Structures are given as C-alpha cells and as structure tokens.
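Student: So you can see what is in the structure, the chains are spelled out below.
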Amino acid sequence: MNKKTDYQQDLASIRQLMEHSVKFISLSGLSGIMAGSYALAGAGIAYFMIYDGNTVPSIAPYQQHPDLVLRLGAMAALVLLLSLATGWYLSLRKAKKLGSSVWNTTSKKLLLNLTIPLAVGGIFILIVISNGYYDIISSSFLLFYGLALLNASANLYNEMRYLGYTEIILGLIAALFPGFGLFFWAVGFGVLHIIYGAMMYRKYDRV
Amino acid sequence: MKNPYDYFDRVLEHRMRLQIMGILTANESYDFNALKELLQATDGNLATHIKALEREKYITVQKGFVDRKPNTRYKVSDRGRTAFKKHLIAMEEIIKSQKK
Chain A
3 MNKKTDYQQD LASIRQLMEH SVKFISLSGL SGIMAGSYAL AGAGIAYFMI
53 YDGNTVPSIA PYQQHPDLVL RLGAMAALVL LLSLATGWYL SLRKAKKLGS
103 SVWNTTSKKL LLNLTIPLAV GGIFILIVIS NGYYDIISSS FLLFYGLALL
153 NASANLYNEM RYLGYTEIIL GLIAALFPGF GLFFWAVGFG VLHIIYGAMM
203 YRKYDRV
Chain B
504 MKNPYDYFDR VLEHRMRLQI MGILTANESY DFNALKELLQ ATDGNLATHI
554 KALEREKYIT VQKGFVDRKP NTRYKVSDRG RTAFKKHLIA MEEIIKSQKK
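Chains A and B supply the protein sequences, listed in that same order.
First residue of the first sequence? That's 3 in the numbering used here, and the numbers climb one at a time after it.
First residue of the second sequence? That's 504 in the numbering used here, and the numbers climb one at a time after it.
For the record, the hints were derived by calculation from the structure and aren't laboratory data.
For clarity, every value in this text was computed on a predicted model and none was experimentally measured.
Where a beta carbon is used, it is the ideal one built from N, C-alpha and C, also for glycine.
The reader is advised that the hints may include incorrect statements.
[Claimed, not checked] Think about it this way: if two alpha-carbon atoms lie no more than 27 angstroms apart in a straight line, the pair counts; the simulated DSS-like pairs of lysine-lysine are:
no.: 1; chain 1: B; residue 1: K578; chain 2: A; residue 2: K110
no.: 2; chain 1: A; residue 1: K205; chain 2: A; residue 2: K99
no.: 3; chain 1: A; residue 1: K99; chain 2: B; residue 2: K539
no.: 4; chain 1: A; residue 1: K111; chain 2: B; residue 2: K599
no.: 5; chain 1: B; residue 1: K566; chain 2: A; residue 2: K25
no.: 6; chain 1: A; residue 1: K110; chain 2: B; residue 2: K572
no.: 7; chain 1: A; residue 1: K25; chain 2: B; residue 2: K588
no.: 8; chain 1: A; residue 1: K110; chain 2: B; residue 2: K599
no.: 9; chain 1: A; residue 1: K98; chain 2: B; residue 2: K539
no.: 10; chain 1: A; residue 1: K25; chain 2: B; residue 2: K578
no.: 11; chain 1: B; residue 1: K588; chain 2: A; residue 2: K98
no.: 12; chain 1: B; residue 1: K566; chain 2: A; residue 2: K111
no.: 13; chain 1: A; residue 1: K25; chain 2: B; residue 2: K602
[Unchecked claim] Covered stretches of chain B (chain A as the covering partner; in silico rule of three or more C-beta atoms under 8 angstroms from a C-beta of chain A):
no.: 14; stretch: 557-565
no.: 15; stretch: 591-598
Only chain B is shown next, with the shape it has when bound in the complex (with noise of 0.2 angstroms):
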C-alpha cells in the first residue's frame, strides 16, 4: 500500500466508535443496553457515537419490543464492514511503518 491513509476514516477515529463497529462485527445483532454494559459508557454519549456511525448508513436500526419494552438492535451494513476493515488495515499499516 503506497499510503495508508488512502484507507483511513474519518467517521471511524473515536474509539467508540470503532468499538461499536468491532462488536456488530463479531456478532449478528447487539442492542443497546448490551452495547451500553459492554462498553461502559453513558446513554448520551452511546447514543451521539451510533447516530454518527447511522449517519454514514455503517449500521442498520431495528426498533422492536422485548417484553412490552422498546428495544433497539442494531446491525452491521455491507458498507460499514467493508469500512472498518479497511480502517483496521490502514491503523496495521501506519503502526507498521511508524516502527520503522
């Protein structure tokens, strides 16, 4: 790769969000109270950074019930996972020629 940058995203730099992408990732669905739990963060903040990653269409919404009780579920797209992957490549390769 000439430059690792040319794979870099933007929307992907703050670290939750790339933390909600790796566990949509390695799961089929997550919802939010999990995500919230797992991650240990606040509804604002939780909330602002899956608005950010809806935005550019990375994950899919589902809003449904359990129990009476709303519930969102949340999914990766084709999109976003072609995106992290490409973002996890660029973070290997600015490490890589960073050791150098």
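Same shape as in the complex, but just chain A (with noise of 0.2 angstroms):
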C-alpha cells in the first residue's frame, strides 16, 4: 500500500516539475489586472484629446491632427512603460514567493518568443502611421500582439493561449470598422487584461 501512493506522488511531483520547468510561473495574474487598468485610464484621456463632445467616432480627427497622433503614441508608450514596470515588480514579489528566479532558461526564451512578433508589429505599426493609413492602426495592434502571445505560448499559462486568440479576432474585427479603434484597443487592452488577470490570479495566485 505504502508503494502505491509514493509512485502516485513521484507522478504527481513529476508531472507538476514538467510544467514549471516550461511555463513561466512568476508571472502573476494581478500584472493582467493592473495592464488593463492603465490601458483603460489611457483610452479615457485618449478619447477626450480626440473627441470634444459628441462626434462621431472616424478617423477625420488624426488626418486633421498629425500632432495628435503623437500625442497618442505618447499616451500609448506611457501605458506600455507602466505595465511592463508593473509586471517586472509584481514577478519578482511572486518569484521570491515561490523560490525561484524571475531571469531564468524559461523567462529568456518567453522574452525572446515575445520579442520577435512585437518588434516586427512595432514597426509595422509606425510605416503605417507614416503613411496615414490609420484606420488600421488599432488593429494591427491588437493582430501583432495576439499572435506573439501565441508565439510564446509554451512558456505561459494556458489562459495567455487563449488571450491570444482573443486578441487576434478582436484585431480582426476593429479591421472592419475603421474609426473604432480607440474603443477596440481599450477593449483588447483593457478589458480583456483585466479578465483574464483576475482568471490567472483566481487560479494560480492564491499561493
């Protein structure tokens, strides 16, 4: 009897040690939450520097306004700078909880699988600015970093997987109404950090 259970637990712990030694457990779910939150404080000073009252949402104001673009990309950096910020701290409090490193085989390759999309998306996103074309610009946001997260996938917790995939028919659908981006982003930024965070923090968070 004794014999069984031991080989049940070696499998357990085994099984347990095969994820851990992928997936990248330090990232805590409140990072997701805390995202979602300055994506949505920034989508809501973003909509009073482009909308004053009630116009209809189009992309008349950024063709009118080359200088409010910037002013976007601005806000947009800040909200990255912050999240990133947030979710490098928020790491190294879960790692030191779990007594593991945050810069380890699995966090370098998850870098580098996040990287490559992101960067290619980045500049991407800034010919398309150059040319005006900024009816896509949400979207192509949204699609870059949808499939960078599917990218990395096998170093994070499933429910990243499935955030990719919602980012990326998001992406998809802010493609078809031009106009709507500032609301697709807040949406793909925002709300969908914010519930998948709290997914992740009801699920591997509570130590």
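Since each chain comes alone in its own frame, lean on the hints to assemble the complex.
Tutor: What follows is the structure, given as structure tokens:
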C-alpha cells in the first residue's frame, strides 16, 4: 500500500515539475489586472484628447491633426512602460514567494518569443502611421499582440493562449470598423487584460 | 501488459532522477544551475544523480561557456526518452493493479 501512494506522489510531482520547467510561473495575474487598468485610464484620457463632446467616431481627427497621433503614441508608450514596470515588479515578488528566480531559461525563451513578433509589429505600425493609414493602427496592435502571445504560449499559462486568440479575433473585427480603433484598443488591452488577469489570479496566485 | 515490472527501470527508481528526466523531456535542454534551482537540490546530490543518468546514456552533456562562465547543459537521449516513457507506464500499471 505504501508503495502505491509513493508512485502516485512521484507521478504528480513529475507532472508539476515538467510544467514548471517550461512555463513562466512567476507571472502574476495581478499584472494583467493592473495593465488593463492603465490601458483603460489611458484610453479614457485619449477619448477626450480626440473627441470634444459628441463627435461621431471616425479617422478624421487623426488626419486633420498629425500632432494628435504623436500625443496618442506617447500616451500608449506610457501605458506600456507602466504595465511593464508593474509586471516586472509583481513577477519579482511572486518569484520570491515561490523561491525561484525571474531571470531563468524559461523567461529568456519567453522574452525572445514575445519580442520578435512585437518588434515586427512595432515597425509595421510605425510604417502604417507614417503612411497615414490610421484606420488599421488599432487592429495592427491587437493582431500582432495576439500573435506574439500565441508564439510565446509554450512558456505561458494556457489562459494566455486564449487571450492571444481573443486579441486576434478582436483585431480582425477592429479592421472591419475603421474609426472605432480606440474602443477596440480599450477592449483588447483594457477589458481583456482585466478579465484574463483575474482568471489567472484566481487560479495561480492564491498560493 | 502481463507484468508491469518488465518496464520498471531500477535506475529511475529515485525520485530525483525521474524528476530530472521529466524536466529534460519537457525541454530541449536544461542547464545545471536551472535544474538545481527547480529541484531545490544541493550541488553534490544533483551531480550524483546526473552522473548515474549519464552512465546509462539516458542524457547527454554539453559543456560550454556563457559570459566566460562554465555552463553545463543536459539533453535527454533517445534511449533515455524511451526508458522514461516505459518507466512511467510501469508506474501507472502498478498503481492500477494495486487499486483492484
């Protein structure tokens, strides 16, 4: 009898280790919730920068005010920086709690797999902006982000793969509705991050 | 399967060896320090078990340098992968047969 439970324990511990050896377990669901909140706040401020009152959403404001695009870009960069800083801090904290390190084989692989599609997307978006194709900026953000998550999904919890799929679908829908980019951006980077972050927090963070 | 012990591998009986094999099966390669951290093992203990797996040719060793520091990476061999799979099947069969 003793042997049986031993083997069951062995099998369970191996399964867990195999998962931990591949996945970046220090990523906290709280990071998603915080990143989503920053994105929503940023989108809210951006809304008032673009639309004064009851304007119908369209790409006209961007075409008329090129400097507006620049200010929106700065806002997006700020949201990104805040999210990354928060994510880094929370991962450090969780890693400490789990007794592991943040900078390991898994996180290096994860970073590489995320960075390549994101860098391609970033360059592509810069080209899109410089050509004045404002109607597909938001959709490009969502599509490349979703593809980056899929590319890195081997080293992430499964929820992140579903987040990737959702971002891609949303990105495609956004491409169908030019002028509503800000709203899709707010849903994709704000609402979805909060939902998936909360799901991950419930499942993995309450150790 | 008539006798699960046909697949049972004495070399893999230690839990840590089985854990090392699991990690190497799930990843393309893994280095010594990462293994040490994940398994929360001491240098000596981990090295002993790795030596045993190496002797059986279950894993291959690659010595190299990262930032001028010595870095040893391990990979599972085909032989090791087969042995690991068989041993897991044996463990599952034993659990099943004891449940009856």
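Student: Output the numbers, in ascending order, of every earlier hint that fails for this structure.
Tutor: Checked against the structure, the hints that fail are numbers 4, 8, 11, 13 and 14, while the rest are satisfied.
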